[in-house]
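Number of protein chains: 2
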Amino acid sequence: MADAVDLSPLTLNRLSLYLRCLGDLEERGVSRVSSHELARRYHLSAAQIRKDLAQLGEFGIRGVGYDVRHLAARLHSRLGLDRRHPVLIVGMGNLGSALARYPGFNQGCFEVVAGIDNDPQKVGRKIGAITVRSTRDLRRLARETGAEIACLAVPAEAAAENFLALCEAGIKSVLNFAPVRLEPRRGVRVKNVDLRTGLEELAYFLRE
Amino acid sequence: MADAVDLSPLTLNRLSLYLRCLGDLEERGVSRVSSHELARRYHLSAAQIRKDLAQLGEFGIRGVGYDVRHLAARLHSRLGLDRRHPVLIVGMGNLGSALARYPGFNQGCFEVVAGIDNDPQKVGRKIGAITVRSTRDLRRLARETGAEIACLAVPAEAAAENFLALCEAGIKSVLNFAPVRLEPRRGVRVKNVDLRTGLEELAYFLRE
DNA sequence: AGATGTGAATGAGTTCACAGCT
DNA sequence: AGCTGTGAACTCATTCACATCT
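Residue numbers (our numbering), protein chains in the order written: chain A, 1 to 208; chain B, 1 to 208.
There's no promise every hint is true.
Same chains, same names: a pair is fine if it fits in one copy or spans any two.
Stated by the list, open to error - For lysine to aspartate or glutamate, the following DMTMM-like pairs were computed, each having C-alpha atoms within a straight-line distance of at most 20 angstroms: (1) K51 to E168; (2) K191 to E208; (3) K172 to E208; (4) K51 to D119; (5) K51 to E37.
Honestly, the hints are just simulated from the structure, not real lab data.
Using the sequences plus the hints, can you model the full thing?
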């Protein structure tokens, strides 16, 4: 099957998940795995795993399963994880600071290269491996670091203006933690991560 | 339309979103709003808003729109947000500490009532409004606070055992931040929030 | 006139079931 | 014999279009 097809976000998120499962298997020294085995171990659906993987081409071995390392490498490159991704964090409050130190944001191809805040009190402070910089340096920072991805972790009321600044600094993708719908901008992809929504979903299912 | 129908998680998340939009409108002093106006302001779909809201019963006014306060109140109660929800946080590392102080987790019906960690160094420390408690106190804490919801913010390798402990302490809903699929337990609802997946999704769309 | 509420049409995503390969 | 890869069936979700009400 062709390599150019676009994957849906749903498929994409599952592929990320499979990749992590494969990493786990690799660590455990497992070298081959079937869709059923994957499903059993990680509570997934075998049919769906096959459908998802089939979109990346045929490289399962019928009667046997998949080669763990080969599959992981294929996923890796298909997901765009085979090149470095510097990440900027805007808003170094509690959440921004936690993200800067979050292992998942500083592993493999991802690296948090700078934190940005407009509070002069915070500028210059070291948080984890990075130093907090002023919002005014945003454009220069983006250019110098080559960052295309930014996390927006500012309060709701500051989200719109900071998002605009990110767009103007040439950022291409934004992971938005502010509980706000950002005005769509062409050429800039936004993924909203609303932590509160998760809680509300759980609360719903607690009604008797 | 009946009140007993179960809402899908997708619908549910949008209803949460609408609720926040209505809050914003209320603050701005807007008292009536149409589905089109909501869609325009917050970049949503008018048809979908109507479909979603219709599931909660008829209380729009044809030719006019919806009463902002009335609609907000209805959503509120339908989502189960009209009673208090004490929240426990397990794992007081960077992420757990940030969540404990996160405004969205300490607003309205939600309140973080305790943080839990098995590191004796951390036990007793104050973080935001709460004090860190030992994992051994989990069961008692759950009973005393009446918490039904917990956030799991421990490293991947500690997730399974802590999840088990939560289940045994009688927790009903878990917001899981660990990049791990938890073994399903009947009677316990899990919502996975994987921050890394968000980054990976963005990285995918940066491939040329 | 203008907006809601809703069946009908369309589209997306998942599961089934089995042909085909190793 | 066993597992992949995939069309077909099915379920779930969104969009359309309009009758219905204020």
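I want to check one pair: K172 and E208. Are their C-alpha atoms no more than 20 angstroms apart within a copy, between two copies, both, or neither? Between copies, since 12 angstroms is at most 20 angstroms while 44 angstroms is not.
If the cutoff is 20 angstroms on CA atoms, where do K191 and E208 land: within, between, both or neither? Let me know, please. between (33 angstroms within a copy, 19 angstroms between copies)
Tell me, please, which holds for K51 and E37 at an alpha-carbon limit of 20 angstroms: within, between, both or neither? within (15 angstroms within a copy, 40 angstroms between copies)
20 angstroms Cα threshold - placement of E168 relative to K51: Result: close neither inside a copy nor across copies, 39 angstroms intra and 36 angstroms inter.
Indicate which option fits the pair K51, D119 if close means a Cα-Cα distance not exceeding 20 angstroms: within, between, both or neither. neither (49 angstroms within a copy, 43 angstroms between copies)
Hints 1 and 4 from the list above are not met by this structure, while the remaining hints are.
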